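Chemist: What follows is the residue order along each chain.
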Amino acid sequence: ANTSLSGRRQYTTHSQLPEEHQMIYEMCRNFANEELAPNAGEWDQKHAFPTEAITHMAELGLMGINVPGEYGGSELDALAYAIAMEEISRGCASAGVIMSAHNSLYLWPIQEFGTPEQKEKWVAPYAQPVKEDGTLNIGCFGLSEPGNGSDAGAASTTATPSEDGSEWIINGTKAWITNAHESSAAVIFATTDKSLKHKGISAFVVPLDAEGFSLGAKEDKLGIRASSTSNLIFDNVRIPKENLLGNEGDGFKIAMKTLDGGRIGVAGQAVGIASASIDCAANYALERVAFGKPIAALQSIQNKISAMSVARDSSRLLMWRAAMLKDAGVKYTKEAAMAKLSASEASTMCSHQAIQVLGGMGYVSDMPAERHYRDARITEIYEGTSEIQHLVIAGDVLKEYKG
Amino acid sequence: IFGYSKSIRSVLKFSYHKHSTMSINKVLVGVKRVVDYAVKIRVSPDKSGVDLSNVKMSMNPFCEIAVEEAVRLKEAKKAGEVIAVSIGPKQCSETLRTALAMGCDRAIHVTTDLRTDYMQLQPLATAQLFQKVAEAEQPDLVLMGKQGIDSDAGQTGPMLAALLGWPQATFAAKVEPVGDGLVVERETDSGTETISIPKLPAVVTCDLRLNEPRYATLPNIMKAKKKKVDVMDAAEMGVDLTAKNEVLEVYDPPPRKEGIVVGSVDELVDKLKNEAGLIQ
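As they're listed, the protein sequences go chains A and C. Numbering-wise (this note's numbering), the first sequence opens with residue 1 and increments by one. Numbering-wise (this note's numbering), the second sequence opens with residue 1 and increments by one.
Derived from the structure by calculation, the hints contain no laboratory data. Just to be clear, a hint being listed does not mean it is correct.
[Stated by the list, open to error] Chain C is faced by these chain A residues, among others (derived, beta-carbon under 8 Å): (1) E19; (2) E20; (3) E59; (4) S74.
[What the hints assert, rightly or not] Part of the chain C face toward chain A, derived, beta carbon under 10 Å: (5) S58; (6) S93; (7) R97; (8) T98; (9) A101; (10) T217; (11) L218; (12) N220; (13) I221; (14) M222; (15) K225.
What you are looking at is a predicted structure, and each value in this text was computed from that prediction instead of being measured. Glycine is no exception: its CB is placed at the ideal position from the N, C-alpha and C atoms.
Start from the sequences, fold in the hints, and give me the full structure.
Modeler: Right, here's the structure in full:
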């Protein structure tokens, strides 16, 4: 493949970014500092969906960031998305996952594989999602099931054609669905031909006000508690034939391609949590006095700050690389997996060490370090566990050697 | 009959415009690129000024408020074209791009590499440069921040009004277009004062409580790319740019001393009298 990065300016620091990306970075950063960070602790404690903040983010164009203008989106590239995800998540990791699931997992597959009618119906009202009455159109993505997470090819949710062929009938349960309780539509994956195994899975857009649909109870999670997570339960839910996304049997491929882009989003969330942890630890270290001086003067602390910064910066560069490859239109599966793997491990390491730097203060809710620690943990699990990322990366790397 | 109806329609259209309430066709907004408000600034070792190397710069917060007010007037259809104007180095284009992303229609960049934090380019020359721009653009209203957070001079707006011979209202906490002029609520140390400017054009400087500036939306950030920015060289505008005041020294304020708890009111009075020298 022709990597079209040669001859292009390399973006390695925020000040090297194109002007628009710098403005997006500044805007998201200010917004996160002013509207998200001061409230994130309260939202976490109350497990409260931050409706006002998400509405404000929607009005700023963050909830349809990569959707073309003709469908009401902000028409920005993957690099802008990565930058925005990091800054928003730095303020509140829950706001980050809400934004990421909506953009990468719900909007992207319909935008990429949908018909113009499907885009008109399911993308446009969700890219500029604030309705006339002020409520939000949020979407979600249903791939995982109680019986299979990493084993995505074993979907036991089924979609069978109705007697007259005008509808699909969906039966089954999807598990661990982000935004479940706030969503009015979902992209879900169901088996249409069991004999074809993973090639017999198809993708569908399902309105969540359909008869036979119900939500499971909200999961009581360790972190990202302002975002709702629950089961989607389909009991003979009928959807029009036209709600098939792509062709029959394309479902697995659609899911995998969607997750590639989703991994850039989650990498952004993880880098944001890492950055928030470093901010917390560094500021504290410069103020906290022990042994007669600020603890920032002590080598033990300096070693931690350094290790955290290297992990965060390298993850950010991997993320920007994946985003730029996606924008250049070349295959970026391996790079996206690397970014997500690296960033998620960086976020758990940085938040762990931030608590260590803060000592006792890191263990109580007065400081955000404990929340970053809890928020970080999921990033190594969802949108492909670290173990799956290793398989994806190794597969691509070894293929290069096999020739 | 068709021709007759058409001419009636055009007469009606003409009357509608005549009675339109929009007397602010064009607004100039001054935006200054200053040290970001959150930066902990350091004085350079030779005490000649603050050290600006590698320091984060942003739009002056009071200028943000001025831009927001101008854009709100435009959105309420009480003003027409909004033009952002900035004086400073190449990087002012970023400041102007932010103003465009907030909703200004176009921008004017007066370039100079002179320091604009009072060290070289000072309020009088700044006001004179703005005067040149205003004379060329013929705005109905000039909005500026009340002061730059770097120089804290607060002089450019009033000086500009005097140079142009226009009325002025400073420290505006509320601006209301009324008839052919404005009603402005001003914040003073002794309370709010409401004044009327019966007829435009005028200069208004903006204070903190006037509004809360918006975040630029992503679509507007992208649209800002396509908006026009005219560039002109400050040295070629027929204004004497040399500083009229000489800055002798820049130093840190003395570090705040720790407070103490006094045992009685008498002790307090004694300290105020004999230590702080605040009462006779």
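Chemist: Could you run down the list of hints and mark each one as holding or not?
Modeler: Status of the hints after comparison with the structure:
1. Look at A:E19: its Cβ gets to within about 6 Å of chain C, closer than 8 Å, so that hint holds up.
2. Proximity of A:E20 to chain C holds as hinted, the smallest CB-CB distance being about 6 Å (cut-off 8 Å).
3. Given hint, A:E59 at the interface with chain C, holds; its Cβ is 7 Å from that chain's nearest Cβ, closer than 8 Å.
4. For A:S74, the interface hint holds, the least distance from its beta-carbon to any beta-carbon of chain C being 4 Å, beneath 8 Å.
5. For C:S58, the interface hint holds, the least distance from its beta-carbon to any beta-carbon of chain A being 8 Å, beneath 10 Å.
6. Among the interface hints, the one on C:S93 holds; its C-beta lies about 8 Å from the nearest C-beta in chain A, closer than the 10 Å criterion.
7. About 6 Å separates the beta-carbon of C:R97 from the nearest beta-carbon of chain A, less than 10 Å, and the hint is met.
8. Evaluation of the C:T98 hint against chain A yields a held restraint, the C-beta minimum of about 7 Å falling below 10 Å.
9. Below 10 Å, beta-carbon pairs count as interface contacts, and C:A101 has one with chain A at about 6 Å; its hint therefore holds.
10. At a threshold of 10 Å, the smallest CB-CB gap from C:T217 to chain A is about 5 Å, leaving the interface hint in force.
11. Taken as an interface hint, C:L218 checks out: its beta carbon lies about 3 Å from the nearest beta carbon of chain A, inside 10 Å.
12. Among the interface hints, the one on C:N220 holds; its C-beta lies about 8 Å from the nearest C-beta in chain A, closer than the 10 Å criterion.
13. At about 5 Å, the closest approach between the beta carbon of C:I221 and any beta carbon in chain A falls short of 10 Å, and the interface hint on this residue holds.
14. Checking C:M222 against chain A: minimum C-beta separation of about 6 Å stays under 10 Å; hint holds.
15. With its C-beta approaching chain A no nearer than about 6 Å, C:K225 sits inside the 10 Å limit, and its interface hint holds.
The structure agrees with every numbered hint stated previously.
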